[in-house]
Amino acid sequence: MSLIRCACRAYHSLERLQPLDFLPPLLLRLYLAPIFIAAGSRKLDLPSLLPNAGTVQWFEYGLELPFPTLMAALAGWAELFGGILLLVGLATRWMSIPLMVTMGVATFAVHWKNGWLTIATGSGFFATERTVEAVERLQVAKSILREDGDYSWLTEHGSLVMLNNGIEFAATYFIMLLTLFFIGSGRYVSLDYWISRSCRNACPNE
Numbered sequence: 312m313s314l315i316r317c318a319c320r321a322y323h324s325l326e327r328l329q330p331l332d333f334l335p336p337l338l339l340r341l342y343l344a345p346i347f348i349a350a351g352s353r354k355l356d357l358p359s360l361l362p363n364a365g366t367v368q369w370f371e372y373g374l375e376l377p378f379p380t381l382m383a384a385l386a387g388w389a390e391l392f393g394g395i396l397l398l399v400g401l402a403t404r405w406m407s408i409p410l411m412v413t414m415g416v417a418t419f420a421v422h423w424k425n426g427w428l429t430i431a432t433g434s435g436f437f438a439t440e441r442t443v444e445a446v447e448r449l450q451v452a453k454s455i456l457r458e459d460g461d462y463s464w465l466t467e468h469g470s471l472v473m474l475n476n477g478i479e480f481a482a483t484y485f486i487m488l489l490t491l492f493f494i495g496s497g498r499y500v501s502l503d504y505w506i507s508r509s510c511r512n513a514c515p516n517e
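Numbering (our numbering), first residue to last: 312 to 517.
Accuracy of the hints is not assured; some may be wrong.
Stated by the list, open to error - Here are the in silico distance ranges between beta carbons for each label pair: (1) C514 / Q368: 45 to 53 Å; (2) V399 / Q368: 50 to 58 Å; (3) F436 / C514: 30 to 38 Å; (4) D332 / R457: 45 to 53 Å; (5) R320 / G433: 45 to 53 Å; (6) F480 / N363: 21 to 29 Å; (7) N512 / D356: 24 to 32 Å.
Since the hints were derived computationally from the structure, they do not count as laboratory data.
The beta carbon of each residue, even a glycine, is placed where N, CA and C say it ideally should be.
Could you put together the complete structure from these sequences and hints?
The following block contains the structure:
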């Protein structure tokens with residue numbers, strides 16, 4: 312058997328996985344939904360669904376955004392209701408748009424100045440002068456805690472890190488939402504699929 316034929320057979324063997332192609336969009340939705348629901352809930356006073364005072368103040372003075380009350384409301388509503396719709400797979404393509412806008416605003420208004428990394432590191436491709444200095448400060452903080460605190464108890468459930476708050480998470484969520492925008496909710500485990508199927512059956516020539 313020639314090498315080309317072996318390569319073709321290996322390539323076509325992956326087509327057997329096509330019946331499972333509903334899993335990637337489902338997993339993307341299930342991953343993103345609780346993130347956006349939690350983020351939206353923090354921005355809004357439930358059950359009034361109005362933006363809370365802390366969020367409005369942060370949008371106005373921290374981010375210096377225009378119309379902070381309106382912007383906070385739009386962000387909170389997009390995240391809360393967008394997360395719920397992602398969870399059930401309803402209007403996924405449409406809801407991906409405002410969620411991508413929200414991630415774009417977060418990227419440029421909040422995280423851009425901090426670089427890529429969410430957690431500061433002193434080496435690697437994405438390390439910057441800012442993250443190197445952050446790691447140096449972290450080492451000083453660890454030394455102080457080892458001398459004056461119960462360091463073993465403090466780090467029992469995880470190592471201490473320095474938050475850099477870069478664009479890493481916002482950019483990743485944007486790419487995941489962009490993927491859902493193009494591929495949709497996926498088959499079977501989404502309301503979009505069953506609504507679309509019903510529409511095709513009701514209007515087969517449209």
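Requested in this report: Evaluate the given range 24 to 32 Å for the C-beta pair formed by N512 and D356.
Outcome: Taking Cβ atoms as reference, N512 and D356 lie about 43 Å apart, which means the hint is violated.
Query raised in the report: Does the Cβ distance between F436 and C514 fall inside 30 to 38 Å?
Result: The hinted range 30 to 38 Å is violated for F436 and C514, with Cβ atoms some 52 Å apart.
Requested in this report: Starting from the range 45 to 53 Å, see whether the pair C514 and Q368 falls in it by beta-carbon distance.
Outcome: 50 Å, holds
Query raised in the report: Cβ-Cβ distance between F480 and N363: within 21 to 29 Å?
Result: Once the Cβ atoms are compared, 22 Å apart, the range 21 to 29 Å for N363 and F480 holds.
Query raised in the report: Is it true that R320 and G433 lie within 45 to 53 Å of each other by Cβ?
Result: Holds: the Cβ-Cβ distance is about 47 Å, inside 45 to 53 Å.
Report task. Look at the Cβ atoms of V399 and Q368 and judge whether their distance stays inside 50 to 58 Å. Result -> Hint violated: Cβ distance 33 Å, outside 50 to 58 Å.
Requested in this report: Hint says 45 to 53 Å; check whether the CB-CB distance for D332 and R457 agrees.
Outcome: 52 Å, holds
Checked against the numbered hints above, the structure breaks hints 2, 3, 7 and satisfies the rest.
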